[in-house]
Amino acid sequence: MEKNNLSRRSVLGGALGIGALSLAGNLGELNLAHADNGTVRFANWSLYLDYNNKSKRYPTLDLFTKQTGIKTTYSEAVDDNDTFTAKVAPQLQLKKDIGYDIVVLTDWMDKRWIDSGFAQKYDSGSVPNQKNIVPFLQHPYFDPQRQYTSPWAGIIGGVAWNSKNHPKEIKTLDDLFAKENKGKIEVLSEMRDTIGLIMMWQGVDISKPFGEDKFMNAINKLQQLIKDGFIRQVKGQSYQQDLINGDAVAVIGWSGDINQLNLQNNTNIFKFNVPESGGTFSTDNMMVPVTAQNKSGAEKLINYYHDPVVAATVANYINYICPVVGAQQAMEKINPKAVTNPLIFPTDLMWSKLKTFRQLTAPEQRKFSTAFQKASGNA
Amino acid sequence: MAYVANAVGHNKKTSARRGRWTPYLLLMPGMFWLITFFLLPIIKLFDKATQSPGDNIGQFVQTWSFSNYWDSFWGAKAQFGRSFLFSFLATLLALLISYPLAYAIAFKSGKWKNTLLVLVVAPFYTSFILRTIAWEQILGNQGPVLGILRTLHLANSNTHITASSFAVVAGLTYNFLPFMTLPLYASLERIDPRVLEASGDLYANSWKTFFRVTFPLSSPGVLAGTLLTFIPAAGDYINADILGNPGTKMIGNVIDAHFFQTTDYPGAAALSIILMLTILILVLLYIRRFGTEELV
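The listed protein sequences correspond, in order, to chains A and B. The first sequence begins at 19 in this note's numbering and counts up by one. The second sequence begins at 310 in this note's numbering and counts up by one.
Simulated from the structure, these hints should not be mistaken for lab results. Warning: the hint list may mix true and false statements.
Said to hold, decoys possible - Taking lysine-lysine and the DSSO-like style, the derived pairs with C-alpha atoms no more than 30 Å apart in a straight line are:
#, chain 1, residue 1, chain 2, residue 2
1, A, K114, B, K422
2, A, K105, B, K517
3, A, K113, B, K357
4, A, K289, A, K200
5, A, K232, A, K355
6, B, K357, A, K385
7, A, K226, A, K239
8, A, K392, B, K353
9, A, K113, B, K353
10, A, K89, A, K351
11, A, K239, B, K353
12, B, K353, A, K114
13, A, K232, A, K385
14, A, K189, A, K351
15, A, K373, A, K186
16, B, K417, A, K105
17, A, K89, A, K114
18, A, K186, A, K197
19, B, K386, A, K200
20, A, K200, A, K245
21, A, K105, B, K420
22, B, K517, A, K392
23, B, K386, A, K245
24, A, K392, B, K417
25, B, K357, A, K232
26, A, K385, B, K417
27, A, K149, A, K385
28, B, K386, A, K385
Could you build all of it, start to finish, from the sequences and the hints given here?
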């Protein structure tokens, strides 16, 4: 899932991941040289960790090093689940170090890593803070006992718009795909969010075992919307630029992106809604690759990020859903305004509208993603 | 006499023997380079193209599925056609823009010649992607182009330039312009001014001189420039990705999606081979038809 990129890193990451890809490659190689037992090498998405613009440091990582003596190298190496995995899979197959001891990927991809033997189990009892994980995420389908993964943040896929150019609230996908928005709508290149939202719009429960026909119905709908000129582009994080400059007025986008858009532009014109038909929910999770050089250090770091105060510090910066119990209370001291932000600490009503895309088998994954790429013009 | 001849013959033999191996020894570095960076990857590509997915992500087994070629080609025929159409248009536009530019630099720029050449090359100092993103801003909703058009009432608030074939072709043309300009300049600059004077002495007017003398003499530059523009433009996917919409994707986008979105390496490899061979055939035909002795 591509993440926001409006800060200093916009230049690198905004390049549709292509620039970031080569950068990530370089970072990966650099990190190989740094591998030693006292260091944990952490690969994450861009703008996904609290960062101090002045000191150019990551405060929570510094605190971790201070507390434990374990050094860290942090790379914003992940810009897309498929791309990142495609890049490191050959090395993982050969059990060669990929240059990272922790990687953060989205749930469905975590499942594929676990099934492919790319992730390793935590040592039992090595991540005691897992007890702090919010109940909703304690036993996910991709890792029911949380033996391989620990949640980093939750992401809601929904509708977003620029209220300056589109004053009317968008409550449903019918509102989104209204005639007056024709040619000014963009949707995510992440299949599970875009197709998931369309499927729920068509009345399908995406968390239950649905058949191929239901999926293809949504693909056809998407194709029709593109053909009729409603959707101008299918893209990743760069939809935010288009929302700002008006090339797009409304999008299928991610909750945290919209939070950050408002914060970084010092405004509140960017709005986000979970559609009435339902929104998609996914989590990004920390995993230890089988090739990790410092497993125990990695586990300590994962445990550290499930501390409520640390988790609240991160959530306050990244603006995605915080997966840690107690962080909401801790947030009162950090940023009282964020305590009631439903996009960081969702309300029960919001939870009830969110669904997670069901697990796909490997052949389904191939077939569905090919169909999605075809609809997006890429195949 | 026989003795001398024998001695000479003997000498010849040893030097011939030594000489027989010298060229190969001298060729070694080049051969090594070609084998490592061209032959091996190509073999690997052909090997990959007929494989099928295995159980794990990124794992493939050789099944000699030659149908991969046809399947991937047929699935992407629209993008194939579009790639060649777009790159043809971009090449043509680049030629029309570059020729007067190169002509002016070569014949009319005087002391500004070097400065102008530097200006042609200057955009190369920034990344290709950044330049394309810059064009997204320039052609975008709040960009100067639409701003001017709106002031002139040639566009309204609903007009968009980005996310269109026009923007993609414009981006391709811009990005490959220096590849066209430099070879054109090189061959124009080499034209002996006395030839042009002679043309005038023979009562040719300036148009006639241009079409009968200047242009033919610059044809190696035209050939090199068009090839250097067309070949990379046909495989480009950045412009279509950033400036286009789902209906303007090119073959590069399909290969990229095969690699990174659907993890279908065999399909990507098969498409790459087809693209490579198609370009090779087109270029051979083109050189055959318009080829000159020298390229630049």
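Outcome of the hint check:
no., hint, verdict
1, A:K114 x B:K422, "violated, 54 Å"
2, A:K105 x B:K517, "violated, 58 Å"
3, A:K113 x B:K357, "holds, 21 Å"
4, A:K289 x A:K200, "holds, 19 Å"
5, A:K232 x A:K355, "violated, 41 Å"
6, B:K357 x A:K385, "holds, 20 Å"
7, A:K226 x A:K239, "holds, 20 Å"
8, A:K392 x B:K353, "holds, 27 Å"
9, A:K113 x B:K353, "holds, 21 Å"
10, A:K89 x A:K351, "holds, 28 Å"
11, A:K239 x B:K353, "violated, 39 Å"
12, B:K353 x A:K114, "holds, 21 Å"
13, A:K232 x A:K385, "holds, 14 Å"
14, A:K189 x A:K351, "violated, 33 Å"
15, A:K373 x A:K186, "holds, 26 Å"
16, B:K417 x A:K105, "violated, 51 Å"
17, A:K89 x A:K114, "holds, 22 Å"
18, A:K186 x A:K197, "holds, 13 Å"
19, B:K386 x A:K200, "holds, 28 Å"
20, A:K200 x A:K245, "holds, 11 Å"
21, A:K105 x B:K420, "violated, 51 Å"
22, B:K517 x A:K392, "violated, 52 Å"
23, B:K386 x A:K245, "holds, 18 Å"
24, A:K392 x B:K417, "violated, 51 Å"
25, B:K357 x A:K232, "violated, 33 Å"
26, A:K385 x B:K417, "violated, 60 Å"
27, A:K149 x A:K385, "violated, 38 Å"
28, B:K386 x A:K385, "holds, 19 Å"
The structure does not agree with the numbered hints 1, 2, 5, 11, 14, 16, 21, 22, 24, 25, 26, 27 stated previously, though it agrees with the rest.
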